[in-house]
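K.L.:
Here are the chains, one letter per residue:
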Amino acid sequence: MNNHPIRESFQKGLVFAIIVVFMMMTGFHLIAATLASKAFGVYVLRGSIPDVRFMGYIHMLFGFWAGWSASGRTGKTSTRIFQGFAAGFTTGAFVALFDLLLTFLILSGTDIREYLSALSIESMDYFLLNLRQMGILAHLGIYTATGLIGSALAVFLRSEPVQHGWQNLKSSITNFTTRINETLPLLVRKFGKYLTYLVLLAVLVILPTKWGSYMNFVIGLVGLYVIAGIGLNIVVGLSGQLVLGYAAFFAMGAYSVGLLNAPEPHNLMWGFWPSIVVAILMAIAAAFVLGLPLMRLRGDYLAIVTLGFGEIIRILLKSDTLTNFTGGPRGLNDIHGPTLFGKPFTSDVDYVYLIFAFVALSIFIYNRLQDSRTGRAWLAIKEDPIAAQATGINLQKYKLLALIIGAAFAGLVGGIMAARNQFTGPNDHSMMVSMNVLSLVIVGGVNSIPGIILGAFALKGLPEILREVENYRQLAFGALLITMMLMRPDGLWPSSRPKMEKGDYSQNGENITNDGGKNA
Amino acid sequence: MPDIIIETKEVSKLFGGLTAVNKVNLEIPKHSIYSIIGPNGAGKTTLFNCISGFYKPELGEIIFQGECIQGSSTDFVATQGISRTYQNIRLFSKLTAIENIMVGQHTKLDSNWLDAILHTPRFSQENKKSRAEAIRLLGFIGLAGFGDFLACNLPYGMQRRLEIGRALANDPQLLLLDEPTAGMNPQETVEMINLIRQLRDELGTSIILIEHDMRVVMDISDQISVLDYGKKIAEGTPKEIQANPRVIEAYLGPGGAALAKKYQDQRRKNA
Numbered sequence: 000m001n002n003h004p005i006r007e008s009f010q011k012g013l014v015f016a017i018i019v020v021f022m023m024m025t026g027f028h029l030i031a032a033t034l035a036s037k038a039f040g041v042y043v044l045r046g047s048i049p050d051v052r053f054m055g056y057i058h059m060l061f062g063f064w065a066g067w068s069a070s071g072r073t074g075k076t077s078t079r080i081f082q083g084f085a086a087g088f089t090t091g092a093f094v095a096l097f098d099l100l101l102t103f104l105i106l107s108g109t110d111i112r113e114y115l116s117a118l119s120i121e122s123m124d125y126f127l128l129n130l131r132q133m134g135i136l137a138h139l140g141i142y143t144a145t146g147l148i149g150s151a152l153a154v155f156l157r158s159e160p161v162q163h164g165w166q167n168l169k170s171s172i173t174n175f176t177t178r179i180n181e182t183l184p185l186l187v188r189k190f191g192k193y194l195t196y197l198v199l200l201a202v203l204v205i206l207p208t209k210w211g212s213y214m215n216f217v218i219g220l221v222g223l224y225v226i227a228g229i230g231l232n233i234v235v236g237l238s239g240q241l242v243l244g245y246a247a248f249f250a251m252g253a254y255s256v257g258l259l260n261a262p263e264p265h266n267l268m269w270g271f272w273p274s275i276v277v278a279i280l281m282a283i284a285a286a287f288v289l290g291l292p293l294m295r296l297r298g299d300y301l302a303i304v305t306l307g308f309g310e311i312i313r314i315l316l317k318s319d320t321l322t323n324f325t326g327g328p329r330g331l332n333d334i335h336g337p338t339l340f341g342k343p344f345t346s347d348v349d350y351v352y353l354i355f356a357f358v359a360l361s362i363f364i365y366n367r368l369q370d371s372r373t374g375r376a377w378l379a380i381k382e383d384p385i386a387a388q389a390t391g392i393n394l395q396k397y398k399l400l401a402l403i404i405g406a407a408f409a410g411l412v413g414g415i416m417a418a419r420n421q422f423t424g425p426n427d428h429s430m431m432v433s434m435n436v437l438s439l440v441i442v443g444g445v446n447s448i449p450g451i452i453l454g455a456f457a458l459k460g461l462p463e464i465l466r467e468v469e470n471y472r473q474l475a476f477g478a479l480l481i482t483m484m485l486m487r488p489d490g491l492w493p494s495s496r497p498k499m500e501k502g503d504y505s506q507n508g509e510n511i512t513n514d515g516g517k518n519a
Numbered sequence: 000m001p002d003i004i005i006e007t008k009e010v011s012k013l014f015g016g017l018t019a020v021n022k023v024n025l026e027i028p029k030h031s032i033y034s035i036i037g038p039n040g041a042g043k044t045t046l047f048n049c050i051s052g053f054y055k056p057e058l059g060e061i062i063f064q065g066e067c068i069q070g071s072s073t074d075f076v077a078t079q080g081i082s083r084t085y086q087n088i089r090l091f092s093k094l095t096a097i098e099n100i101m102v103g104q105h106t107k108l109d110s111n112w113l114d115a116i117l118h119t120p121r122f123s124q125e126n127k128k129s130r131a132e133a134i135r136l137l138g139f140i141g142l143a144g145f146g147d148f149l150a151c152n153l154p155y156g157m158q159r160r161l162e163i164g165r166a167l168a169n170d171p172q173l174l175l176l177d178e179p180t181a182g183m184n185p186q187e188t189v190e191m192i193n194l195i196r197q198l199r200d201e202l203g204t205s206i207i208l209i210e211h212d213m214r215v216v217m218d219i220s221d222q223i224s225v226l227d228y229g230k231k232i233a234e235g236t237p238k239e240i241q242a243n244p245r246v247i248e249a250y251l252g253p254g255g256a257a258l259a260k261k262y263q264d265q266r267r268k269n270a
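For the record, the sequence lines run as chains A and B. To convert, note that position 404 of the first sequence is 403 in numbering that gives the first Met the number 0; the numbers rise steadily by one, no gaps. To convert, note that position 247 of the second sequence is 246 in numbering that gives the first Met the number 0; the numbers rise steadily by one, no gaps.
In case anyone wonders, no lab produced these hints; they're calculated from the structure. Some clues are possibly wrong.
[As the list claims (entries may be wrong)] Cut-off 25 Å, straight-line C-alpha distance, at most; resulting in silico cross-link-like pairs (DSS-like, lysine-lysine):
no. : chain 1 : residue 1 : chain 2 : residue 2
1   : B       : K127      : A       : K189
2   : B       : K107      : A       : K498
3   : A       : K192      : B       : K127
Here the structure is a predicted model, which is why all the values come from computation and not from measurement.
In isolation and in its complexed conformation, chain A is listed as follows:
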């Protein structure tokens, strides 16, 4: 097919039109406008519909985007600008066509809500910018104009002087930072790391008292998922075993704490601290029992078996036969939380501190493990099990070790979660939990602590805060995963290996110079 530049931009415009129409039909525009108006602090309630200007802004954004992406990287300036115009016009035309169709349907008395539950006459009005018939023309105009602007801006920003200037700016910034680094006194350079930690610590101690109970709840959840992510990363990221039933180990921990601290069905009341140890041990025991036969499996088979294991645990907990022992489908209620120095944990702030402490501990353990003989053996197994075995690594032993350590983290998370929610039930440990933990590791960046933290925020924190878009969580989730795999296959914050040959690797505070192998 002949890829004429103009035809290509018509196609791009069509794609954007489809996206826009789809979003309008599912009501996503309305939500986006609500969020935007909230973000700008303008929330004019008229019914449940925010200020109409934001609707216009969102249309503008898409038109701009269409123009930007349609404008080519090479060719005559006029052609490139015209490409943006064409794309914007196409998008606008198709959106207008859609408007026309809807208007016609509404006027002819068809009840469109029967087919599209998200659309009402009011929201239709809203989409048309409260301009009725003129709104259709307004759409066409907005898209064409913003398309034109988008392409013009793209042409301008991609032009040589601008790119050149941008490169200069970047290099001068890096120069500046390195020079600052060089001029810093030795003391600061040496203790800068600890200073950063100290500031971070202060922030983490002060913030939870400031930002309110709900935020603490969300941050606590994110923290728990960070711990779980680190634990799963030891299994998946370091030793390379795809385990899909991670929530089963959550369940081990949660039920250990739950059964030992809930009034029903056993009324044992051991207290949190002994029972969290039991929780970890139970998770380890489960990993051991599961792992012994499992370590001979690889890849897909391992994934399927662990997936099944997770479901078996959940269904067992749910079953009626075990109701007397585990509480059955109703779960365990009124689980008593921890007490520290005689003071019971009551607010979310207490739990946030507890979780922060364990997050720090997990990061510490992870960092030390990954840069050790054990960690390197795991990575070697992940990269090439055959070659790893030929260097003398006992595959079974190391894979089992990774699973056990990972499970211990999960047991801890499950235990804290049960105490924090004062409840645990079979559905807290469903497959979706395992999938969430796995995706946050992959989205954030395998083997990268900042990546895992970012991933936990993106996957657990944001959806919690953006309650409005809850219905679109799965949609956004899918889109996010696809985008990630295309744009950043190594995760949001990819990992890097420590530099050990050169001097800046200072685990032992010593610099070993290379003598060119004379003493080998």
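Fit chain B to the known structure of chain A by using the hints.
P.N.:
Here is chain B on its own, set in the frame of chain A:
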């Protein structure tokens, strides 16, 4: 015998109806470079896999320093002091070069995961020593300054050498090299030949070499065995092998062997 490092006695490996290695007897002297050559599919790599424990030979014995090792697991064989490289490079590509070598030291070290978390004195000492040794080894194989590169980012020749470095890291007594010069340019080949010689002369390692490049084989081998269809058809010094009519036939076929003989006779006459 004290000067034999490894001995295979009547080793056979069957894949269904195919006899990949057929009653092969080898005796490899210590501190020597012993080459195994043969046409493609002759069973050379299969023999390597039997020695290093990937395959369990159906028949026969493999005796390494007086101990039977056939049928042992690969990691056990590695702890006994046999290292190997592979026909197609099998580095840990997302680890740095120096980390690859440190993984290679696995059997030499013994700090466990608890040492790593607690940074016990054992861990710290061992880590320091292992890093220093890895850096030295990097220099030895000619990769000084490339230690912090990811293995997958190194040029091909360096990857080959790094693989040898990883195999050397646990001070093996026996090194199995599977086509170390495959795909190399003449310059890299010469460097590799020198490196292999250094291994024997400076480190005293015994080496079994699979190689297709006859210039390399004839240049550095102390002894050569020829395999064809899983059977050993000849053994001897490079000179003896070059003159062996069965070897020539195995490589060139009966017609080619006749031609070669004619050509050699002619050359002799002219000389």
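K.L.:
Are any of the numbered hints broken by this structure? If so, which, sorted upward?
P.N.:
none
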